[in-house]
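Engineer: Sequences and hints are given; from them, build the entire structure.
As they're listed, the protein sequences go chains R and B.
The working numbering numbers the first residue of the first sequence as 1 and each following residue consecutively.
The working numbering numbers the first residue of the second sequence as 1 and each following residue consecutively.
You may find that some hints are simply not true.
[Claimed, not checked] Within a straight-line C-alpha distance of at most 27 angstroms, the following computed DSSO-like cross-link-like pairs (lysine-lysine) qualify:
(1) R:129 <-> B:65
(2) R:129 <-> B:94
(3) R:102 <-> R:144
It is worth saying that the hints were derived from the structure and are not from the lab.
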Amino acid sequence: MSRFIFSFIIYFALWVGFTTSLNGQELFAGGLVALIMALLTAKEFSEEGLENLTPHKIFYAFLYMFVFLWEMVKANVDVAKRVVQPKIPLNPGIVEVPTQLKSNPAKLALANSITLTPGTLTVDIIEDKLYIHWIDVKSEDPKKTFEHISSTFEKYIKEIFE
Amino acid sequence: MMDIIEIIGYILASVGVLFLFLGGLGILRMPDVYNRMQAGTKATTLGAVGTIMGVGLIHPEWFFKTLIISLFILLSNPISSHALARGSYRSGIKLWQKKKIDAYKNALKKEKEKNEAA
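Structural biologist: Here it is as structure tokens:
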């Protein structure tokens with residue numbers, strides 16, 4: 001039940017965002033569509049349901065958005081700087097990064113964040129280890145790679161998903 | 001007030017276009033698949049999000065639509081690049097010859113042994 005309500009809220013919010021109107025007819029149609037979608041897909045949509053919407057989690061998700069956007073801008077400037085140099089500075093390799101996150105959504109969020117931040121691209125996740133293509137390898141030791149690459153994100157993602 | 005928001009929108013869209021251009025340049029200049037993907041994913045994500053959000057600010061009535069579109073791009077772009085990288089490694093495309101370390105090779109070997117034992 002809680003999963004159903006959660007997916008209904010998300011679908012309805014998406015509908016309102018896309019139509020950008022509070023007209024009664026629009027809202028009624030949106031509610032109907034969201035209801036049908038939630039009935040069909042609630043089971044696959046989320047594992048936690050309404051527990052995803054506690055104030056604590058929403059607060060950290062909000063904070064995380066700014067941390068993430070800032071890191072993403074840095075990543076782009078970094079890649080841009082590399083690309084325009086006459087001889088591209090490269091020191092690439094695939095390193096192993098351990099993670100303490102347990103649930104699948106949390107691992108997905110971590111892998112996505114790593115991919116969009118400076119010089120790193122997630123190649124695979126095997127159990128509790130991420131394999132990351134790093135454009136400028138600074139360390140080959142798993143403990144140090146964790147500090148370089150994922151420690152900032154992991155703090156926030158732990159609060160949001162677990 | 002409207003003018004300022006519109007100007008910010010144009011600036012955002014221009015920055016987005018600049019990053020899209022640099023991403024394209026990166027894809028041309030990088031030496032191997034994985035390094036190309038680095039340039040391809042990051043620059044195009046910020047480029048696309050910047051351009052779309054810029055349009056959203058120029059036409060404020062589209063703002064929420066562009067916000068949701070950007071959110072979907074942010075969610076789906078890294079997943080597709082991850083799938084490409086994983087697929088190309090598993091189908092045998094090697095890292096650049098000047099690579100420093102390749103931890104994934106051993107992990108794949110271990111996984112294979114595990115699967116054969118099971």
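Engineer: Quickly compare the C-alpha distance for residue 129 of chain R and residue 94 of chain B to 27 angstroms and report which way the hint goes.
Structural biologist: With Cα atoms ~21 angstroms apart, residue 129 of chain R and residue 94 of chain B stay inside 27 angstroms; holds.
Engineer: Does the structure keep residue 102 of chain R and residue 144 of chain R at a Cα separation of 27 angstroms or less?
Structural biologist: 21 angstroms, holds
Engineer: Does residue 65 of chain B sit within 27 angstroms of residue 129 of chain R, going by the straight-line distance between their CA atoms?
Structural biologist: 37 angstroms, violated
The structure fails hint 1 only (numbered hints given earlier).
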